[in-house]
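Residue strings, one per chain:
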Amino acid sequence: QQQVKQSPQSLIVQKGGISIINCAYENTAFDYFPWYQQFPGKGPALLIAIRPDVSEKKEGRFTISFNKSAKQFSLHIMDSQPGDSATYFCAASRGTGTASKLTFGTGTRLQVTL
Amino acid sequence: SAVISQKPSRDICQRGTSLTIQCQVDSQVTMMFWYRQQPGQSLTLIATANQGSEATYESGFVIDKFPISRPNLTFSTLTVSNMSPEDSSIYLCSVRLAGVGEQYFGPGTRLTVT
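Protein chains in written order, with my numbering: chain Y, 140 to 253; chain U, 16 to 129.
Chain Y on its own, in the form it takes in the complex:
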């Protein structure tokens, strides 16, 4: 199975709150898990990525949590801001070499309200 299941489809969070987006995968060979942020009319931008040798990676207000046994990973946005309103995509791949391809989740549209 190559699918990556992402939830929720949409999310509304108040300013200052925590946004949580979840992804689950089936292929145990996946070992690279990036998250992308996409604003309307723009290409996806690489936000943060994790490999399964760590359970958590933090960059500023963005944190990836990774649960290898459950085959799940999630993105947490702390102190969410209106400027974080965008569509977020999780992805997974087996390695990052010439033969690897990213499998994308279906996306989560995040809206941060004042």
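Treat the hints loosely; a few may be bogus.
Said to hold, decoys possible - Ranges of calculated distance between the beta carbons of each label pair, as one might list FRET restraints:
| # | chain 1 | residue 1 | chain 2 | residue 2 | range |
| --- | --- | --- | --- | --- | --- |
| 1 | U | Q53 | Y | S146 | 26 to 36 Å |
| 2 | Y | K196 | U | V18 | 18 to 28 Å |
| 3 | Y | G155 | U | V77 | 47 to 57 Å |
| 4 | U | I78 | Y | Q153 | 24 to 34 Å |
| 5 | Y | L185 | U | L88 | 15 to 25 Å |
| 6 | Y | T252 | U | S99 | 31 to 41 Å |
| 7 | Y | A238 | U | S96 | 24 to 34 Å |
| 8 | Y | H215 | U | P86 | 36 to 46 Å |
Please keep in mind that the hints were generated in silico from the structure rather than gathered at the bench.
The structure presented is a predicted model; accordingly, all values stated were derived computationally and were not measured.
Virtual Cβ for every residue (Gly too), placed ideally from N, Cα, C.
Please build the complex by placing chain U on the supplied structure of chain Y, with the hints as guidance.
Positioned in the frame of chain Y, the structure of chain U alone reads:
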């Protein structure tokens, strides 16, 4: 990271015509990809653009419809041939950097076929 530019940024084309999209990267990269993103949807890989050889197409995409060129390590083109309204979409160029394997996306070309 990599800076990727695409031309044109958008176009409106008539049914039956063809459009060539250009992708330029600011550094030499090993892997270049072309994706399609329908409005409000996730990203679908069309093909991997191989330097000096024929592109590798994903299931459901064929060379006659989406011919791809990659004459060097910084440039690629995607042609959408004999267009129909179903080809209306955003087409994204993407590159993967050697070493860390991070993958970046261009700003996209928004194509509307009438």
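### Query
For the pair Y/G155 and U/V77, does the Cβ-Cβ distance stay inside 47 to 57 Å?
Once the Cβ atoms are compared, 50 Å apart, the range 47 to 57 Å for U/V77 and Y/G155 holds.
### Task
Go ahead and decide if the range 24 to 34 Å is satisfied by the Cβ distance of U/I78 to Y/Q153.
Given about 49 Å between the Cβ atoms, the range is violated.
### Task
Note whether the CB distance of Y/T252 and U/S99 lies within 31 to 41 Å or breaks it.
holds (40 Å)
### Query
Taking 36 to 46 Å as the hint, is the beta-carbon distance of Y/H215 and U/P86 inside that range?
holds (43 Å)
### Message
Taking 18 to 28 Å as the stated bounds, is the beta-carbon spacing between Y/K196 and U/V18 within them?
### Response
holds (25 Å)
### Consistency of beta-carbon spacing, U/L88 to Y/L185, with hint 15 to 25 Å
Because 20 Å falls inside the window, the suggested range holds.
### Message
A range of 26 to 36 Å was offered for this pair. Does it hold for the Cβ distance of U/Q53 and Y/S146?
### Response
Violated, at about 20 Å.
#### Entry: Pairwise beta carbon distance, Y/A238 to U/S96, judged against the given window 24 to 34 Å
holds (28 Å)
In this structure, the hints that do not hold are numbers 1 and 4, in rising order.
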